[in-house]
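S.K.: Okay, here's what each chain looks like letter by letter:
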Amino acid sequence: GAVVSQHPSRVICKSGTSVKIECRSLDFQATTMFWYRQFPKQSLMLMATSNEGSKATYEQGVEKDKFLINHASLTLSTLTVTSAHPEDSSFYICSAREGGRGNTEAFFGQGTRLTVV
Amino acid sequence: AQSVTQPDIHITVSEGASLELRCNYSYGATPYLFWYVQSPGQGLQLLLKYFSGDTLVQGIKGFEAEFKRSQSSFNLRKPSVHWSDAAEYFCAVGAKQAGTALIFGKGTTLSVSS
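Line by line, the protein sequences are chains A and B. Per our numbering, the very first residue in the first sequence carries number 375; after that it's consecutive. Per our numbering, the very first residue in the second sequence carries number 26; after that it's consecutive.
These are calculated hints, taken from the structure and not from any lab test. Given the structure is predicted, the values throughout are model-derived calculations rather than measurements. The C-beta atom is built at its ideal place from N, Cα and C for all residues, glycine as well. Mixed in with the good hints, there may be bad ones.
Some residues of chain A that are not near chain B, with every Cβ distance over 10 Å (derived) [as the list claims (entries may be wrong)]:
#, residue
1, Ser-389
2, Thr-391
3, Val-393
4, Phe-441
5, Asn-444
6, Thr-454
7, Glu-479
Calculated pairs, DSSO-like style, for lysine-lysine (alpha carbon to alpha carbon, straight line, at most 30 Å) [unchecked claim]:
#, chain 1, residue 1, chain 2, residue 2
8, B, Lys-131, A, Lys-429
9, B, Lys-131, A, Lys-415
10, A, Lys-440, B, Lys-74
11, A, Lys-415, A, Lys-394
From just these sequences and the hints, can you work out the full model?
M.R.: Given below as structure tokens:
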């Protein structure tokens, strides 16, 4: 199946700094990528839908100025957590569905464990 | 509203026993259904998916799931559980269009006892 690569897998940052997480589709083009957040022992909550060449669509309650999403190419989307605080500590997962075909499954990155200290 | 319900938060099964994880969905369009497994601190691995056709779907690691439209269910089954199956299991639903995100259930934690 297709591969989605997410980097870094783990990051620790100081409170007030910004962190960038990259999500790449390695062998297919993804016009749309998705960013999820997962708290311990909980499900994946969709944060935003990232569209190549246009603004991301954020879910209700997600601060677009805190979680900046850029989808500059058909294979790369980035999530930047700005002015991070301890409550932003979480597991972030990106996903992409291969466009241009009918029955498309979603491929997931391996996730990024963010710890803000 | 579109949603996925996994009624069982935590299930414990003896090794070698059969398993069934429940999933019910509410979706306005034709549902595409998925089961994923997640080990601690890891990403998601696709177990199986249903798009159309035969309502009994075979997946990896000996898992299968049956789509029942009348019951809005997509339950996951395995005839004989192995200790390595202990993990978190997520049911998800989505639309056909690649531009739509999957909606996940809250997950079921599977523990396997010896």
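S.K.: Hint by hint, say whether it matches the structure.
M.R.: Verification of the supplied hints:
1. Against chain B, the non-interface label of A/Ser-389 holds: every CB pair exceeds 10 Å, the least being about 23 Å.
2. With a minimum CB-CB distance of about 23 Å to chain B, A/Thr-391 clears the 10 Å threshold, and the non-interface call stands.
3. Every beta carbon of chain B lies more than 10 Å from that of A/Val-393, the smallest distance being close to 18 Å; the non-interface claim holds.
4. Distance check on A/Phe-441: its Cβ is at least 15 Å (rounded) from any Cβ of chain B, clearing the 10 Å threshold; non-interface status holds.
5. Taking the minimum C-beta to C-beta distance to chain B, about 18 Å, the non-interface status of A/Asn-444 holds against the 10 Å cut.
6. Chain B leaves A/Thr-454 outside its interface by the beta-carbon criterion, the shortest separation being 20 Å against a cut-off of 10 Å.
7. Under the 10 Å C-beta cut-off, the non-interface status given to A/Glu-479 relative to chain B is violated; the minimum distance is some 5 Å.
8. Taken as a hint, the B/Lys-131 and A/Lys-429 pair is honoured in the structure, with Cα atoms around 29 Å apart against an allowance of 30 Å.
9. Of the supplied pair hints, the one linking B/Lys-131 and A/Lys-415 holds, its CA atoms being roughly 9 Å apart against a limit of 30 Å.
10. Under the criterion of a C-alpha separation no larger than 30 Å, the hint pairing A/Lys-440 with B/Lys-74 is inconsistent with the structure, at around 34 Å.
11. Only pairs whose Cα atoms come within 30 Å are accepted, and A/Lys-415 paired with A/Lys-394 is accepted, the gap being roughly 24 Å.
Hints 7 and 10 from the list above are not met by this structure, while the remaining hints are.
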